[in-house]
Amino acid sequence: MGGGERGRGASARAVAYATSGVVLLAGCASMPDSGDLRGVESTPRQDAQVRVFAMPPSDDATPTQIVQGFLEALTSDDPDYRTARQYLTREAAKAWRPELSTTVLSNGPDAQVEAPEQQNTGSLSYTLTGTQVATVDAQQAYAPASGSYDKPVHLTRDARTEQWRIDVVPQGVVMGKSDFQRNYMSVNKYYFASDNASTPPMTVADPVYVRSHVDPTTEMVRSLIKGPTTWLKPAVRTGFPVGTALSKEAAPLTPDDRGKLTVPLNDKAGEAGTGRCEEMAAQLLFTLRTLSPAVEEVEVRAGGGPLCSLARSGAETVATRGALHQPDYLYFVDEEGRLVRITSGTSDTDPAPAPGALGEGEKALRSVAVARDERTAAGVSVDGRSLYVAPLVAGSPLGEPVLQSTGKTEEDRLTTPSWDARGGLWVADGNADEPRLYLLEEGSDEPVEVHTPELDGRVRAVRVAADGVRIALVVEKGDRRSLLIGRIDREDGTDGRPTVTVLDPRSATPELEQVTAMSWAGDSRLVVVGREEGGVEQMKYVEVDGSTPDVPPPAALTGVKAVTASEDEQAPLMAYSVDGIVRLPTGAQWQKVTEGTAPVYPG
Amino acid sequence: MSGDSAASAPRPSGGRPGRPVGRKAPGSRWGRLLDGGLLQGGVQGSPVIRLFVRWVRRPLLPVMRLWRRNIQLKVVATTLLMSLGVVLLLGFVVIGQVRNGLLDAKVKASQSQATGGFAVARQQAEEDESVTGEDGTAIDGRPSQSVIQWMSDLVESLSSGGQGAFDVVTLPAADESGSGRGPRASGEVNPTASVPAALRERIDSGPTAAQSYTRIVYDTKKDSQPGLVIGKQVNDPNGDPYQLYYLFPLTQEEKSLSLVKGTLATAGLFVVVLLGAIAWLVVRQVVTPVRMAAGIAERLSAGRLQERMKVTGEDDIARLGEAFNKMAQNLHLKINQLEDLSRMQRRFVSDVSHELRTPLTTVRMAADVIHEAREDFDPITARSAELLADQIDRFESLLADLLEISRFDAGAAALEAEPIDLREVVRRVVSGAEPLAERKGTRVRIVGDQQPVVAEADARRVERVLRNLVVNAVEHGEGRDVVVKLAAAGGAVAVAVRDYGVGLKPGEATRVFSRFWRADPARARTTGGTGLGLSIALEDARLHGGWLQAWGEPGGGSQFRLTLPRTADEPLRGSPIPLEPKDSRRNSGLDDAGPAHGGGDGEKRATVSAREPGNDASARDPLALRQAAGPPTADPTALPGSGARVVSRPSGSTRMPSGSQGGADPAGRQDAGGEGGRSEGRDVDRDGEASRGRR
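Chains V and W are the protein sequences, given in the same order. Residue numbering for the first sequence follows the numbering used here, beginning at 1 and increasing consecutively. Residue numbering for the second sequence follows the numbering used here, beginning at 604 and increasing consecutively.
These are computed hints drawn from the structure, not numbers from a lab. Be aware that one or more of the hints could be misleading.
Beyond 12 Å from chain V on every Cβ pair, some chain W residues (computed) [claimed, not checked]:
#	residue
1	Thr682
2	Phe695
3	Val772
4	Val1057
Derived EDC-like pairs: lysine to aspartate or glutamate, alpha-carbon spacing no greater than 20 Å straight-line [unchecked claim]:
#	chain 1	residue 1	chain 2	residue 2
5	V	Lys233	V	Asp33
6	V	Lys561	V	Glu400
7	V	Lys363	V	Glu400
8	V	Lys177	W	Asp826
9	V	Lys233	V	Asp489
10	V	Lys226	V	Glu249
11	V	Lys177	V	Asp77
12	W	Lys858	W	Asp826
13	V	Lys477	V	Glu446
14	W	Lys825	V	Glu316
15	V	Lys177	W	Asp756
16	V	Lys260	V	Glu316
17	W	Lys824	V	Asp77
18	V	Lys248	V	Glu99
19	V	Lys94	V	Glu114
20	W	Lys824	V	Asp489
21	W	Lys1088	W	Asp1024
22	V	Lys177	V	Glu91
23	V	Lys268	V	Asp256
24	V	Lys363	V	Glu533
25	V	Lys177	W	Glu759
26	V	Lys94	V	Asp36
27	V	Lys260	V	Asp328
28	W	Lys824	V	Glu411
29	W	Lys824	V	Glu249
30	W	Lys825	V	Asp110
31	W	Lys824	V	Asp78
32	W	Lys825	V	Glu491
33	V	Lys561	V	Glu411
34	W	Lys825	V	Asp257
Some chain W residues close to chain V (C-beta under 10 Å, calculated; not the full set) [stated by the list, open to error]:
#	residue
35	Glu791
36	Thr795
37	Pro799
38	Ala800
39	Arg1031
40	Ser1034
Here the structure is a predicted model, which is why all the values come from computation and not from measurement. Cβ coordinates follow ideal geometry from the N, Cα and C atoms, glycine included.
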C-alpha cells in the first residue's frame, strides 16, 4: 500500500518535471512576450548623402568637357578644390580664390560657348549663365540674391601639351541650389551682445554656411575665432582677443572618446584671463552644439599650455541663450478681452485668468505681450488706441495707458507689443500719417521714439529677439508687407535718454509678398506666415539671413491671423486661426485648444 | 646508412639497361635528377628524412600500440571520424542550399528594385529633355544643358528610397562623352572600388542591365561588406550615356547565413559527441566482458583452474560467460580426474612393489636353501634351482628399480648435494666395471682427469648414473674401447661415455630413456637389465638440475653425456663437451658412404633436456628435434674465454670446422669397423638393444 503510494508520488513528480521541462523548452522556442527592461541606444541615422567625386581632366578633353568638369569639381567634397584647380592654367590656379564667395544659382550654371568657330585658334570663350538665388560671402554669411548670373570663362590651349585649360575664371564658387543644400550647412556662431546689460551675458547667434563634408568642426572654429559677420559686428563682442587664430600645427579638430575637444590657439590668446577664456570656451560649446553633439567639454590651449576647460553644463553659467529660457505659460486673450493663460507644453485646454488687472477684464484687450520674466504684461485695448502695462500680481490696479495712438482706424493704431530681454517694451504705431516705433524702457511711461532711418513704410508688427540685438519687423509699403530683420543700436543720449536706432534692415523673406504673422522660433530662426506672389498663404521657417533652414516646415494651416513660437524648440507652435487657438505639438497635426485670440509666449 | 644507399644504387641503374641509348644529354640530367629523387623518396635514402621520420614516429608509437591493442579506441575513433565526415558533408550541403535560397530571394528583389530605378532615371531624363528641349537646344543647335546638378539630384532621389537597403552610384561611360562628369555615390560608398571593372566593361558594351557580386567599400571607417551590384547604361537629358548602379549590401543575408552556420556547427558538434559517446558506451558493454574473459582465460592457462567469470543478466554476454565458466569447470573436473587416476596408478605400483617384497623375501630364502642344496638334486632339478635363483635376483632388482621410480614419481626423492670430485666417482665406477670389461675384452679409458672436476652433487646418485652408463657402454661396446671423458667449463661439469658399438638408430636416442623400452618390443625380456636403468638415471640428472643426453649413429657407436651445474640451483646454459663426438662418422665425412643411413641423414642426436619439459614435446617431432637440439651442440670449450656465456650457433657452423678437423682423425679404423659391424649388426643390435637397460 505504502509502496504503491510512493510510486504514485514519484510518477506524479516525474510528470511535473517533464511538464515544466516542456514548458521551459516551449518558452525557448517562441518569441518572448515579456522580459527585462533595457535602454535603447540611439544610433544617429545616416543620411543618404550623395557625394560627387571630382575627376581630373582627361587627356585631350574638349573645351566643353573642361568647363563641365570644372563646374562639376566645384560641387565635390574636394578640400581646397585641388581637383578643380587642375582644370585651370597654372596662373589662373594661383589667382583663383574659391573661398571668396559662393554663388548659388537656381538650376546650376549653364555654359554657353561664344564664337565656336574660334576653337582652332587655341582660345575660346564661354559664358556661365543662370539665375541667382543667393550668395555666400567671404565671411560665409548668406544673403538672398536675385538677378541673372553672367560670368565669362576663357580657355586657352597650352602650346606645349595641346591641352585646353581655363585661364580666366570668375572668383569664388558657383553651383546649383540643390548642390548647395547638399554641400553646405548652416551653423550658428555665437557672440555676446555688446551692451553688457545682463549677467551672464546674452549670446547672439550669427548664422554662417560651411561645407558640411570638409571638416566642418575645424572650419566653424576658425570662422568663430575670425569674428562675427559684418552685419552683426557693431552690436556684438567676442571673447577671443584680437589676432587670435588656431595654432598653425592644429590637426583637424575631433573630440576624443570622452567628448572632449581640444582647441589649440596661438600665443595671442594666452593673454586672456580665466573669465575671458571661459567665454571663449562657452562660445565654442554653443557653436559646436548642433554641429558635433559629441562634444561635451572644450579645452582651450594657448601657446602650448592649457588655458582653461569648460564642460557643457558650465557653459550655461558663463553665458545664456534665449532658447534656454523655457516659458511657463502661454498667454492669450479670451472672448471677453481678458488676459488668460494655460500651462505651456501640456495638453491643457482650460485657460485660467492671469493674475493682475489685465486678467480681471477691466479693459477689453486686443493683443497682449508678457515680459520674459512673466512678471509684467502689456495689453493693447480692443480699439488699439491705448497701451496698458500692469504687473502680473493679483490685486494690482490698472494704471493709465502708457501710450496712446491717434490712428484713424483700428487697423492704423498700435500693433502687438513685444518685450526684450532687458524689460524694454517695443510697440509700433501704425498711424498712416505718422508711423512710429516706440520703446518703453523698463516698462516706464516715457516712450522713446526709435529711429528707423533706413525703414521705408509702416511697421505692422514688431518682435524683438531674446538677445535684444535683433528685431524682426513687418513693414508695409504699398501692397507689400515684407519681413525685415534689423539691428538695434543703442546709445546713451545727452539728456540721459537713450537714442535707439534700428539699423541695416534686411529682408529675410524676399520671395514673400504678404507677411501676415511672424514670431521668433529659435536663436536665428523665425516662423513666418505669408503669401508668395501669386501663391497661397503658407507657414514656414526662415533663417534671419534669408535662407531656408533644413527642417521640415510646419503642417499647413489656413486662415492664420497670429502665430507664436518660443525660442525654446520644445514648446509647441501656437497659432490663432479660424478655428481659434490651435497648437502644433512635435510630430503631430494641429490641435484645437480653445477659443480666443492673440496667443503669445512671453517675449 | 651509406651501405643502404650503396646497396640500392645499382637497382635503378640496373632496372633500365635498355634505355641509355635513347637518353639525350638533357634527358639524362633529368633522369639523374629523377633517379636521385626516386632514390631519396622511395628508399628513404636521405638520412635526414629517415631521422625525421623516426623522430616523428617515436612519440606516435605508444599511440599506435594502443590503437592496435584497444578495440574500444578503434571503434570510437572510427565512429567519430565517420560522423564528423557526415556532419561536414551535411553542413556543406545545407549551407549551400540556404545560401542559394537567400541569394535567389535577394537577387530577385534587388533586380526588380533596380529595374524600377533605371526606369525612373530614364523617365526623369526624358522629362527634363522635353522641358529644356524647347528653348535649350534651339539657341546654338547643341544641347549644353548642365547635368551636374541634375545627376546629383537624381542620385539623391533614387537613393532616398532605400536608406541602408541599397546605395546608388553613377559612373561615367567609357568614352566620357558630353561633360566630364565625375562619379557620384550615396551612403559613403567608394564608387570606383565597389564596382568591379569587368561589370563596367560589360555595361559599356551594351544597353542591357548586368549584375555582379562585389565587395562594397566605404570611405568612412565602416567595414566593407559583400554586396550585389546591378548596373545599366542610361542616358542623361542631353542624350549622353552614363552608368547607373544599384548596390545592395548582403549584410542581412550574411547574418542569416552565419546564424545557420553557427546553428549547424553547434548541432553537428553535439551529434558527433553524441555518436562518439554512444559508440563508447556500446563498445564498453561488449568489450568489458571480453576483456574479463581474456584475463580469466590467461589465469586458467596459468593453472588457476578455480577462476570463473562474473555473470550478470541473461543477455548474449551472460551466455558467453556461462559457457566459459562451464568449460572451465569441465576442464577442471577432467584434469582432477586424470590426476587422481595417475596418483592412484603410482600408488598402486608402489604398493604392489612393497607388497611383493615380503613374499619375495620368503621365496628368496627358500630359493637360497634350494640353491644351496642343488648338489643333491638331479641335474635337471639343479638347473631349475639355478634358474630360480637367477630370476629371483632379477625380480629383486626389478622391484628395487620400481620402488626407486615410484619414489621419483611421488616426488619423494631428495637430493643430498655436497661438493665432490667427479674423477673419484668415475674411477670408482670404472674399477667396479673392470671385471665385466675383462670378460668382454674391453678397455675403459678415462680422459680429462688431469684436473679436479668438482661439482655440488649427490655422490650416490651420480655414481649410479655413471655406473649405468659405463656398464651399458661396455655391454654394447662389442669389445671395443670405452672412453669416459670429463670436462668442466663455465658453470657446468660434464661426463661423457663413448662407445664404438652398434650405435643407435635414428629416433632411438630419445627413446632409450623411456621406461621398459626395448628395440624389439615383440621379444620377451629374458636377459639383461630391468629396462628402468636409464629412466632412473634421467630422473637423477633431473634432480640435480642437469641434463642427460644420448647420441648415436648406426654402426658408429653412441655417446651418453651427463651435464651437471657446478653449483646446485644454477641454471645450465651449455655443456663443456659436445654431444656429438668429434670422431663420429658424420664428422669424419663418411655420411654418404653408407646407403644404409635410412633418412640419408646419419644424425641421430637426441637431447632430452632434463630442465626443459618443452623439449619432450619437440623430441617427438624429428624436425623440431633438430632445431631444439641446436643449443646443446654448442661447445663452450671451443669458445675463447671462459665459456661462461654460451652462444648458440646453428649446427651447420659447428659442423663445418669439425668436419675439416675430422679429416685428420683415425677414420679408417672406424670406417672398417663400421662396415664390418654392419653385416652382423642386426643380431648384435638385437642383443644390444635387449640388454641396453641393464646397469
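Given the proposed pairing of Lys260 (chain V) with Asp328 (chain V), does the C-alpha separation stay at or below 20 Å?
violated, 34 Å
So if I understand the rule, the pair passes when the alpha-carbon distance is 20 Å or less; does Lys233 (chain V) with Asp33 (chain V) pass?
violated, 61 Å
Check on Thr682 (chain W) being off the interface with chain V, judged by Cβ distance over 12 Å:
holds, 28 Å
Quick one, are Lys177 (chain V) and Asp756 (chain W) close enough, alpha carbons at most 20 Å?
With Cα atoms ~10 Å apart, Lys177 (chain V) and Asp756 (chain W) stay inside 20 Å; holds.
Check the hint pairing Lys561 (chain V) with Glu400 (chain V) against an upper bound of 20 Å on the C-alpha distance.
violated, 29 Å
Quickly compare the C-alpha distance for Lys477 (chain V) and Glu446 (chain V) to 20 Å and report which way the hint goes.
Status violated; Cα separation ~28 Å.
What's the verdict on Lys824 (chain W) and Glu249 (chain V), does the C-alpha distance respect the 20 Å limit or exceed it?
violated, 25 Å
Given pair status - Asp489 (chain V), Lys233 (chain V), alpha carbons within 20 Å
Measuring from Cα to Cα gives roughly 11 Å; hence the hint holds.
Compare the distance between the alpha carbons of Lys94 (chain V) and Glu114 (chain V) with 20 Å, and conclude whether the hinted pair is satisfied.
violated, 26 Å
Take the shortest C-beta to C-beta distance between Thr795 (chain W) and chain V; is it under 10 Å?
holds, 8 Å
With the threshold set at 20 Å, check whether the alpha-carbon distance from Lys363 (chain V) to Glu533 (chain V) stays at or below it.
violated, 39 Å
Measuring Cβ to Cβ, find out whether Val1057 (chain W) lies farther than 12 Å from everything in chain V.
About 85 Å separates Val1057 (chain W) from the closest Cβ of chain V, which puts it past 12 Å; holds.
Of the hints listed earlier, those the structure fails to meet are numbers 3, 5, 6, 8, 13, 14, 19, 20, 22, 23, 24, 26, 27, 28, 29, 30, 32, 37, 38, 39 and 40, in rising order.
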